[in-house]
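Participant: Could you build all of it, start to finish, from the sequences and the hints given here?
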Amino acid sequence: MATIKFILNGKKVTYVGNPGLRLLDVLRNEYHLTGVKEGCGEGECGACSVLLNHKIVNSCSVPLANVDGLEVITIEGFSETKRYSVIKDSFEQTGGVQCGFCTPGMIIASESLLNENPTPSDEEIKIGLSGNLCRCTGYQMIIEAIQKASKDGDGLW
Amino acid sequence: MKDISTSIKKVDHEEKCSGKALYASDYFFEDMQYARTLRSIIAKGTISLIDIPTLEDGYFIVDYHDIPGKNVVKIIFDDQVIFPENKVTYLGEPILLVVGPDKAKVESILKSIKVHYVEEEPIFEWTDSKVHYHFSKGSLENSFSKANKLIEFDYATSYQEQAYIEPQGFIGYTEGEKVTLIGSIQCPYYVKNALILALNSKPENIRVIQATVGGAFGGKEEFPSLLACQLAVALKKVNKPIKMIYEREEDMISTTKRHPSKIKMIASVNESNEITGLKAIVGIDAGANIGLSGVVLSRALIACTGAYTIEHLDVTGDVYITNTVPNGAFRGFGAPQMLFAIEMFIEHIVKTLNIDPLALRLKYLAKQNDHTSTSGLFRDPIIMPQMIEKAMALSNYKDKANEYSKNNLYKGIGMSWFLHGCGFTGSGEASHIKAKVKLKKNKDGFIEILIAAVDMGQGVRTTMKKIVSDILKLPIEKIIYNLPDTDFVPDSGPTVASRTIMIVGGLVARCALKLKDHINEEEITLEENYVQPSYIKWDESTFTGDAYPAYSWGVNIVEVSVNPITYQTTIEGVWSVYDLGKAIDERIVMGQADGGITQGIAYGYLEVMEHSLGKIMQKNFTDYIIPTSKDISKMETIIMDNPYPLGPYGAKGVGELTLVGGAPAVAKAIEMAIKRKVFSIPMTPEKIMELMNNGND
Numbered sequence: 001m002a003t004i005k006f007i008l009n010g011k012k013v014t015y016v017g018n019p020g021l022r023l024l025d026v027l028r029n030e031y032h033l034t035g036v037k038e039g040c041g042e043g044e045c046g047a048c049s050v051l052l053n054h055k056i057v058n059s060c061s062v063p064l065a066n067v068d069g070l071e072v073i074t075i076e077g078f079s080e081t082k083r084y085s086v087i088k089d090s091f092e093q094t095g096g097v098q099c100g101f102c103t104p105g106m107i108i109a110s111e112s113l114l115n116e117n118p119t120p121s122d123e124e125i126k127i128g129l130s131g132n133l134c135r136c137t138g139y140q141m142i143i144e145a146i147q148k149a150s151k152d153g154d155g156l157w
Numbered sequence: 158m159k160d161i162s163t164s165i166k167k168v169d170h171e172e173k174c175s176g177k178a179l180y181a182s183d184y185f186f187e188d189m190q191y192a193r194t195l196r197s198i199i200a201k202g203t204i205s206l207i208d209i210p211t212l213e214d215g216y217f218i219v220d221y222h223d224i225p226g227k228n229v230v231k232i233i234f235d236d237q238v239i240f241p242e243n244k245v246t247y248l249g250e251p252i253l254l255v256v257g258p259d260k261a262k263v264e265s266i267l268k269s270i271k272v273h274y275v276e277e278e279p280i281f282e283w284t285d286s287k288v289h290y291h292f293s294k295g296s297l298e299n300s301f302s303k304a305n306k307l308i309e310f311d312y313a314t315s316y317q318e319q320a321y322i323e324p325q326g327f328i329g330y331t332e333g334e335k336v337t338l339i340g341s342i343q344c345p346y347y348v349k350n351a352l353i354l355a356l357n358s359k360p361e362n363i364r365v366i367q368a369t370v371g372g373a374f375g376g377k378e379e380f381p382s383l384l385a386c387q388l389a390v391a392l393k394k395v396n397k398p399i400k401m402i403y404e405r406e407e408d409m410i411s412t413t414k415r416h417p418s419k420i421k422m423i424a425s426v427n428e429s430n431e432i433t434g435l436k437a438i439v440g441i442d443a444g445a446n447i448g449l450s451g452v453v454l455s456r457a458l459i460a461c462t463g464a465y466t467i468e469h470l471d472v473t474g475d476v477y478i479t480n481t482v483p484n485g486a487f488r489g490f491g492a493p494q495m496l497f498a499i500e501m502f503i504e505h506i507v508k509t510l511n512i513d514p515l516a517l518r519l520k521y522l523a524k525q526n527d528h529t530s531t532s533g534l535f536r537d538p539i540i541m542p543q544m545i546e547k548a549m550a551l552s553n554y555k556d557k558a559n560e561y562s563k564n565n566l567y568k569g570i571g572m573s574w575f576l577h578g579c580g581f582t583g584s585g586e587a588s589h590i591k592a593k594v595k596l597k598k599n600k601d602g603f604i605e606i607l608i609a610a611v612d613m614g615q616g617v618r619t620t621m622k623k624i625v626s627d628i629l630k631l632p633i634e635k636i637i638y639n640l641p642d643t644d645f646v647p648d649s650g651p652t653v654a655s656r657t658i659m660i661v662g663g664l665v666a667r668c669a670l671k672l673k674d675h676i677n678e679e680e681i682t683l684e685e686n687y688v689q690p691s692y693i694k695w696d697e698s699t700f701t702g703d704a705y706p707a708y709s710w711g712v713n714i715v716e717v718s719v720n721p722i723t724y725q726t727t728i729e730g731v732w733s734v735y736d737l738g739k740a741i742d743e744r745i746v747m748g749q750a751d752g753g754i755t756q757g758i759a760y761g762y763l764e765v766m767e768h769s770l771g772k773i774m775q776k777n778f779t780d781y782i783i784p785t786s787k788d789i790s791k792m793e794t795i796i797m798d799n800p801y802p803l804g805p806y807g808a809k810g811v812g813e814l815t816l817v818g819g820a821p822a823v824a825k826a827i828e829m830a831i832k833r834k835v836f837s838i839p840m841t842p843e844k845i846m847e848l849m850n851n852g853n854d
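As they're listed, the protein sequences go chains H and Y.
The end of the first sequence is residue 157 by my numbering, with every number in the run present.
The end of the second sequence is residue 854 by my numbering, with every number in the run present.
Non-contacting residues of chain H with respect to chain Y, defined by C-beta distances greater than 12 Å in every case (computed):
(1) Val-62
(2) Asn-66
(3) Thr-119
(4) Asp-152
Simulated coverage check for chain H against chain Y, where a stretch passes if three residues somewhere in it have a Cβ under 8 Å from a Cβ of chain Y:
(5) 36 to 42
(6) 67 to 80
(7) 101 to 113
(8) 137 to 151
To be clear, the hints were calculated from the coordinates, so they are not data collected in a lab.
From the three backbone atoms N, C-alpha and C, an ideal C-beta is built for every residue, glycine too.
Facilitator: So, in structure tokens, the structure goes:
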């Protein structure tokens, strides 16, 4: 048992329990943040992506103890922001969403990428997304979505 | 009025982006229990004893003793059990479930169970044929006896894993006699019908609801019925909500995959270098039970001539049973294997005869009113010549092919031509599926689409709503299409076989037209049933007649470079032209096109799955490599209008068409780049190295 304090989607939270649990399980089972998906459990697919101190991590590979004192943002928190709204609209207009299972993770990856590099090249986007698998789209429309968000964001990043 | 193809916002866009869409694992119930599966660690044998530890209260073992009905997963043949009584037939076969409230404890019970086996010699060779098909067209004997030359080559294809990002899973609960399952499925009624048999239940006591589906690609066609039967048996025993979600490794080692195939092709050629006949001998590996393999085989055999017309044919096929994980449905359903073989074979005939490839291919390209491989008729216009011209111009095919063939640049460009039959094979729609759809006008003026079609990412919730909204001239917001629930929707058939828009959408459109005449009534429900066009005739026993009511067509061009030191292939460009009748939503179709060909190309060069003595060697995305964003190149796609009279707005099938041509296109490109004949896929760096060292040009 341990007490882990962290900021979750803008709110201070205190979790008392096993610090060895995967962040993914705590987010889904304790906080019911089911926008965070489990696709592989091995840090390969990126469906469980969240922002940890505003950098993308696979929450399946992060033990809860590691988030003590840090800030975690899931798709539920990020979807309250203006940046989300721009990314979401670009995904709509380019067709970047099919089954949707990778989508929250892809949107988190898009944010992490644009936050570091507001005007990425296609090549930089491909590298930025390479930790997030999508089986439906073949990625092209997602890459176009990020280009579009970068343009439409107009200084948001 | 806007053209129906003009894209609109997908109706599930918001909920999928925000993470609010509920997939099977996102449902939570009070007092929820977890189920995990104990699996066979041998490929063949008899269970002599199972040591089970003393269980704490609230924990259960669920096995064959608990099945209230028949120990069979209803698919086609009664050869798949829900839980084995004592015989195990493949490594990874589910033997029993452990169910309880604490996941970790369930896991530890699972680990402490010891199964004692008497092992038997497993069969991995393809010798035990359980389904054998044969058909012919014209007189091949005559062609062969008069032939100037017989040309023969062998082709082979490997496993492919669907690799949907959301693993298989269900959650279920009971209410009195009634069992409800919410799952990641393509076919709600397949699951329902399987449960009726397994539980020996009245139909009204089984309810199946589709959760949002995180990708399927065929992998959630028949496999979920097994999982559902096991879970339902557990629900009957435990009487509490149970969640059963596979982990990735469990999913990869134990669920159905694309059938490995071996295909022998023999062509007879006359003095004028004309192909006078073709013999195809096809074998596919079903794994430990037949499942859908017979149907997969028949679709492969029917595709034996690809996009070409060849007058004299003799075609045989076998489904072989081995002690390996059962194979099943995967987007393309037998066609990807066959189209790889026929496209490579035509290329190899050309090389053997040293003639112009394009001239030969164009000469045999199917035309309207030609007879199909099964002596049916291509009734509708075939616009392949324009499509080929467009694709070649777009990709600069001729110049590139010329340059890459002549020089040792380790570059190649490959072009595949193909067709895909839309809907169920033969009279399947009329005799087997008998689709029924309903439209309901509610008092509040909303129109409800009542069908069992599943949106698994391909966008049918949006396209179906568009059809109804357009016909009734109502805003899209006035149309309701909830995730199918068998308590409310009729059986419009499974979401498979590129049938959803053409068949189910066609019925929905006809029903909407009828509703138009009743639109002023306060409340009304109308029904529409599938009726086969009278001119479609099919004889299942001889494989004669119209195998499909309509065909979609495609051209794929793939350009590659091969690194002569690492033997790695890089995709440099992808161009596609498709005739799918009419796009109900252009952006949705473009999405299918990108995603389909990415899977098809990866099948040809990237995705490796093998078994060793029955054990699947690739267990996660760390070792089963699917394309990442770094593996793709720019893809350009053109969609042609060629309306099919019986499809809604002229629409034909889309989903599978976009996958089936990818592998031959990339394999031909690699063949050109390395100047060696390619006979098998995937063309991994190891195989390329082997060919470059020892292959034939």
